[in-house]
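So the chains spell out like this:
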Amino acid sequence: MTTDLPTTAPTVLEVRSLSVEFALRGGTFTAARDVGFKLQAGRTLCLVGESGSGKSVTARAMMQLIDAPGRIARGNIMLGGAGAPVDIATLNPRGEAIRAIRGRRIGMIFQEPMSSLSPVHTIGAQIVEVLRLHLKMDAKQARARTIELLRQVEIPDPERNIDRYTFEFSGGMRQRAMIAMALACNPQVLIADEPTTALDVTTQAEVLDLISRMQRELGMAMLLITHDMGVVAEVADDVAVMYRGKIVEAGPVDEVFHNARHPYTRRLLSSVLKLERTSELKQAPAAAAAEPILSVRDLGKVYQPRKSLLSRTPKVAVKAVDGVSFDLMAGESLGIVGESGSGKTTLGRLILRIVEPTDGAVTYRPQSGAPIDVRGLDKQGLRNLHQQVRLIFQDPFASLNPRMTVRQIIADPLVVNRIASGAALEARVSELLGMVGLDPAVMERYPHAFSGGQRQRIGIARALALNPRILIADEATSALDVSIRSQMLDLLLELQQRLGLSFLFISHDIGVVRYFCDRVAVMRRGKIVEIGAAETICTAPEHPYTKALISAVPHPDPRHKRMRTRTHLDA
Amino acid sequence: MLSFILKRVLYMVPTLIGMSLVSFFIIQLPPGDFLTSLISAIADSGQSLDSATVAALTAQYGLDQPFYVQYWKWISGILFRGDFGWSFDWGQPVSKLIWDRMGITLFVSTLSLILIWAVALPIGIYSAVKRYSIGDHIFTLLGFIGLAIPTFIMALVLMYVSYKFLGQSVGGLFSPEYQDAPWSWAKLWDLCLHLWIPIVVIATNSTAALIRVMRANLSDELNKPYVVTARAKGLSEFTLIMRYPVRIALNPFISTIGWVLPALISGVTITAIVLNLPMAGPLLLRALVSQDMYLAGAFILLMSVLTLVGMLISDILLAVLDPRIRLQ
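Residue numbers (our numbering), protein chains in the order written: chain A, 1 to 571; chain B, 572 to 899.
All the given hints hold, so there is nothing to weed out.
Some chain B residues judged to face chain A by a derived CB distance under 10 Å, without partners named: (1) 795; (2) 800; (3) 803; (4) 805; (5) 806; (6) 819; (7) 894.
The calculated SDA-like cross-link candidates involving lysine to any residue, where the alpha carbons are at most 25 Å apart (straight line), are: (8) 578(B) <-> 316(A); (9) 795(B) <-> 171(A); (10) 274(A) <-> 51(A); (11) 735(B) <-> 763(B); (12) 795(B) <-> 96(A); (13) 246(A) <-> 90(A); (14) 561(A) <-> 276(A); (15) 701(B) <-> 29(A); (16) 136(A) <-> 810(B); (17) 701(B) <-> 90(A); (18) 701(B) <-> 67(A); (19) 795(B) <-> 115(A); (20) 274(A) <-> 435(A); (21) 644(B) <-> 654(B); (22) 795(B) <-> 67(A); (23) 319(A) <-> 295(A); (24) 140(A) <-> 892(B); (25) 136(A) <-> 814(B); (26) 578(B) <-> 165(A).
No lab work stands behind these hints: they were computed from the structure. C-beta atoms are modelled at their ideal positions from N, C-alpha and C, and glycine is treated no differently.
Start from the sequences and build out the full structure, keeping to the hints where you can.
Given below as structure tokens:
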């Protein structure tokens, strides 16, 4: 265990009062101010903070990788070890001295394993390059070493996979290849910038396991940048909390989690811990007598392969959603959890027939009148349905038209359906903005003037414009920072109680689902493997897949690390 | 890879058939046919054609038959006998007229294309990497000037300069004394002296456009995360830029080959007329004006084929360059 190492382990890299500035038109913006920390051999320091806190900039400064107009304004970055210590802060970012350090003495892993690797070069070529550059290996040696590295990072069949391209790899495999690349020259320091943020929880657990194992084996000092307190608790020896460019709190992991002194750290921890249980705002779910408002039976979507004249290998049909059945009760929140590719997003679209289902039935029960068979609806019928069942999207930046004002965005469904105009429209938009906690005076502004959380509120207001009865929220809080995430969930809970809404809440985040939902359905490979009360699924799951999934979720308490004892799912 | 190429070639067949139909339809579109313009031309000169001769000519060329019969006569001649028909205007077989012209056109076009690439690529890369530097601004200015100058004016100016200050005979591809002489080193040198004007004139416009394309493509790529990854490996700036972003920014560049080829042939008509070059453009123009339908049809068809071949070349190059396309 790394935690057993003496805290007197040799310091490999020390950052002293580092400041990074960006020259802007209206003066300078200081992204990191007076940052200082030490990296010790064999220990992991987690730099944690929300978006915009300056943690990535700090990490990049350590390799002189800051893009113009940013620059290191003050401070030292002392890299020790063999020979005289070097101050990286004084090196020329284009110079030979820093290039000999990059990839050789400091390795770096990035967040997006897809876009951080070149799509047009093989995995092997990108790793071989590092070996040839720094260790002066010839082509054959480098290839043999690369295969060895790929084997170390547990990529199956490395002899074959070395010649494949990134797009033929899954996200987890790509990140493994990235790790192999960063570790190719046995660096003294490993910097990992949100290495698992883009991965599913089970993959995240595997990759984190791998990183800490490699770190222990090679005795590297590691700096791990993350926004996820759960990940911090699982892997950190020491923690530094960044807030608005400054380190506001630093210390051993147990100290920071259980004895936080700075108010920001406490606030961050409490919003994380809040999502570890069911919301207090949540009232007892409506009586079991409630009618299902939406019934889904054996719903399926099969993507037939395109017939090709010349291809020899027959392609198989993909079952994106396969025989899914559930009932959504009036006033209930049903969570749909699953990893990427499990079919949860497609399911949401099938219900609204944005994607046409190939099998099964969807029945919607309106407030008055007979149940509606959604699959039999004509265009006008579907339009009416879409007024009552609405979507909230994941990306608050991409789902709002940047050329429309907030008023136009929120009023759009009302205008399209010819429900209101003129003063009535204005009044309704004001009311909706008030409902989601925004000042109605902002309605003339454009989306770019708002933060991520505020934009998501605008998206919610738009979804509410037509007085829907069901909201399908597809990863509605995934793009938000943790403190804003719980605010958003509280808003949705409050709206649910006020307006009697039913939610279909699609998410990969178990914490969010547990906080928000009454019941949870777990999806895997297009099927629902388990469905039940949220608390039961999260604490005592029955299906082996659910067990593996729940146990892979990092637990934000360093005294109770969950991942170390997680259940592995065999094939 | 082989199956990819085979597939592409097979896809070309129906496209070609469609294009030949459209070409034939287009040359049939203007009211009347060659015979009517011939009759009126003869009538203008005070003579007249007796109706028997007219009927004989009509029957010979099948002008009284329905569209599909005429089309079949035309296309089967091309396919099976390499016979593109008869040019009424020149009184020669079309095939005899076009190959010379096509050869020279392809020669000049290819040279221009090479010049375009050789100039546009490095400048585009420089402009993108050193964006908003003085060098970039200068090249941008030159690029816009190059885009804005009409080719014929540039041709005239270059001809004047060449004649006045370099003392060369201008126009055409050879000086009069070499026009019919057998090939020799002296003749080749003479060709080079003549060739630079059309090539520079033809290349300027496209070069300016491609610099802009390359600069925009590469600017986008330079900010991609994989560039930072490459930098974090310790590669030198030059190596990493050439190896990663430039390689990817080349994709849209190569896609342009498809339309660059035919554009070079039909687009330089004015230049060819001004410089009196024996290229395809002027001949095509004249054929269209005089309703010399088989000659015009042959050119339109050949240009469509060239477009397709250009597309095929760019597709194959793209597949070689980008595994994502190859492995789809």
